[in-house]
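Trainee: What follows is each chain in one-letter form.
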Amino acid sequence: MIVLEKRPQPSKAWSYATPLVAVVATMIFGGVLFAILGKNPIEAIGTIFWEPLFGEFAFYYRPQLLVKGAPLVLIAIGLSLGFRAGIWNIGAEGQYIMGAIFGAGAGLAFYPLEAWYIFPIMVIAGAFGGWLWAMIPAFLKVRFGTNEILVSLMLVYVAEQMLASVSLGLLKNPEGFGFPGSRNLQSYDSAHNAELIAGSGMHWGVVTALIAVIFAYILLNRHMLGFHIRLTGEAPRAAKFAGVNPARLILFCLGLSGALAGLAGMFEVSGPSGVVSIDFNVGYGFTAIIVAFLGRLHPVGILLAGGLMALTYIGGEIAQSQLGLPAAAIQVFQGMLLFFLLAFDLLTNYRIRAARSEVA
Amino acid sequence: MDLGEINPVLLIASLMVAATPLLLAAIGELVVEKAGVLNLGVEGMMIVGAISGFSISVETGSPYLGFVAAAVGGAVLSLLFVLLTQVALANQVASGLALTLFGLGFSALMGQGYVGVKPPSMGEIHIPVISDIPVIGPILFQHDPILYVGIGLTAAVWATLKYTRVGLILRAVGENHDAAHALGYKVIKIRILAILFGGACAGLGGAYISLIRVPQWTEGMTAGVGWIALALVVFASWKPWRALLGAYLFGGITVLQLNLQAAGVAIPVEYLAMSPYIITILVLVILSADKSSAPASLGRIFHASH
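Sequences listed follow chains E and U, in order.
Mapping of the first sequence onto the working numbering: position 220 corresponds to residue 220, and the numbering continues sequentially without gaps.
Mapping of the second sequence onto the working numbering: position 126 corresponds to residue 126, and the numbering continues sequentially without gaps.
Taking lysine-lysine pairs in the DSS-like style, the calculated list, with each CA pair at most 30 Å apart, reads: (1) LYS189/U / LYS6/E; (2) LYS186/U / LYS239/U; (3) LYS6/E / LYS186/U.
Hint data in this document are derived by calculation from the structure and do not stem from the laboratory.
Can you build the whole structure from these sequences, using the hints too?
Mentor: Structure, rendered in structure tokens:
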């Protein structure tokens with residue numbers, strides 16, 4: 001008989017090892033899945049993880065890693081702060097959409113004026129849009145004790161309808177021949193989030209994501225507020241005695257994660273995507289949840305996890321076009337990763353031992 | 001715009017149809033939460049149930065087999081939640097999210113060949129005389145069998161929780177798992193059974209959407225119904241009959257907004273479409289003041305250390 005024995009302290013070694021073990025397990029089971037779908041598993045896994053980095057066309061895919069990774073890291077950093085304190089913002093997708101609508105809206109309001117201050121205004125508007133959307137669950141939780149999980153998630157569906165509404169109405173391109181979607185911000189210089197170094201994939205969103213990583217690291221390790229966040233998550237009773245103000249913490253964590261998700265949406269709409277359209281959002285807000293956990297809610301871990309997840313997105317697209325692997329298979333693959341991660345986390349907190357007879 | 005085109009009898013009849021997936025999923029989740037487990041994977045289990053039911057009924061030609069498959073599909077997915085939360089003792093919120101993310105992807109993968117296919121129809125129950133009563137007949141007695149299964153299940157869960165020993169044990173586990181364990185009840189075993197029941201119910205609810213309500217398969221077609229079902233359990237203060245009431249209320253809102261869209265009311269379609277979600281939030285806010293009826297051990301991990 002096998003019994004679990006709670007460790008007095010979580011194992012450091014296992015907490016670093018579990019993400020790696022989870023990735024390996026996902027590769028194995030993902031390979032089985034691909035084999036069931038009739039694809040050569042080794043070839044498929046190779047295509048997903050090798051092609052984008054070292055393949056023939058890697059010069060094209062490597063910049064894409066930054067483009068896809070930046071929003072994931074940006075959103076996941078925000079989410080991780082809340083998750084650490086037991087504040088569950090799972091509506092980042094909605095905040096991402098609102099950031100894009102606000103950011104693009106602010107930019108398009110100036111069209112066709114060209115001025116240096118337009119882009120900074122868009123950045124602020126984007127962050128504000130995401131912040132505003134996240135403040136709804138935050139305020140309701142603080143004021144009425146409403147469950148933030150359900151409210152933030154419901155607001156994703158509301159935001160999706162808003163997106164449909166503005167791309168058909170308010171922000172619709174007047175010169176778009178009646179097609180839904182806004183003007184392309186890529187061809188509006190003052191509002192365009194262009195690559196900082198041509199061909200590198202490096203745009204302002206990538207820079208912001210890196211700043212967010214550093215900021216989160218300093219906050220968690222060197223600042224009182226960060227300590228309170230960690231304390232609330234790890235020892236809620238101790239936090240109460242230490243005088244942590246839960247309302248302030250909720251407003252801060254949800255607000256910041258909303259603002260970061262909004263920024264991600266704004267950088268996406270003004271850069272790689274270019275237009276506000278009905279199918280603008282592609283699920284970064286949900287994938288970022290996986291990124292946050294895969295990175296063990298640690299800023300540096302999230303940076304690595306974001307890179308890995310971006311790799312599966314790009315590799316998945318390559319596998320789709322070269323091997324005919326269905327897009328949904330990659331989604332399953334990403335979901336599996338979270339599963340294995342949560343399952344193997346057992347080893348961080350518990351010791352597995354063999355016992356002779358069953359107890360109790 | 002012509003509001004006169006909305007037929008109240010049809011409206012109420014379709015309200016019951018719109019409410020049934022919510023009701024099925026909410027009743028399942030209610031039992032799970034009564035046992036002290038918070039499974040946020042309802043949406044994932046529903047969508048997997050939707051495609052399992054759809055594919056099996058298309059392949060076999062029998063919607064009944066489809067519903068059986070949906071229940072099995074939902075329960076199998078919930079088994080993953082069991083592994084994570086009851087065996088690996090993982091965080092229930094994170095595990096539920098994992099279940100939903102995985103379920104959405106997995107259902108999209110399974111459903112690739114079924115887009116645009118029409119499922120076999122289940123048909124409606126027709127009881128002579130009763131079903132032909134004007135007004136009441138079409139509203140109450142001309143539906144598919146699963147709708148009545150939903151109502152029957154509500155009654156069964158209510159009676160079981162209130163009057164039976166099984167219900168008492170389930171509630172004890174949910175209120176205080178340490179005390180229940182000390183009394184010699186197998187906390188983990190009871191919770192596993194509750195989670196599987198919840199998965200089967202969510203699966204049925206999902207299949208109801210893909211086989212009867214729509215009936216068609218599209219990716220992500222549950223569109224948040226699973227999450228609304230979670231909100232509904234809070235709305236119902238963990239009481240089965242109030243879950244029924246809540247489901248009909250939400251079903252009513254959904255149907256009404258669809259009817260208003262069709263009638264061409266001057267409100268833009270998008271605002272009507274977001275109304276069920278906004279109303280869910282409002283209801284949550286109104287009811288969140290009172291948390292006294294929530295099972296005391298809800299969401300807490302149980303580990304028998306001695």
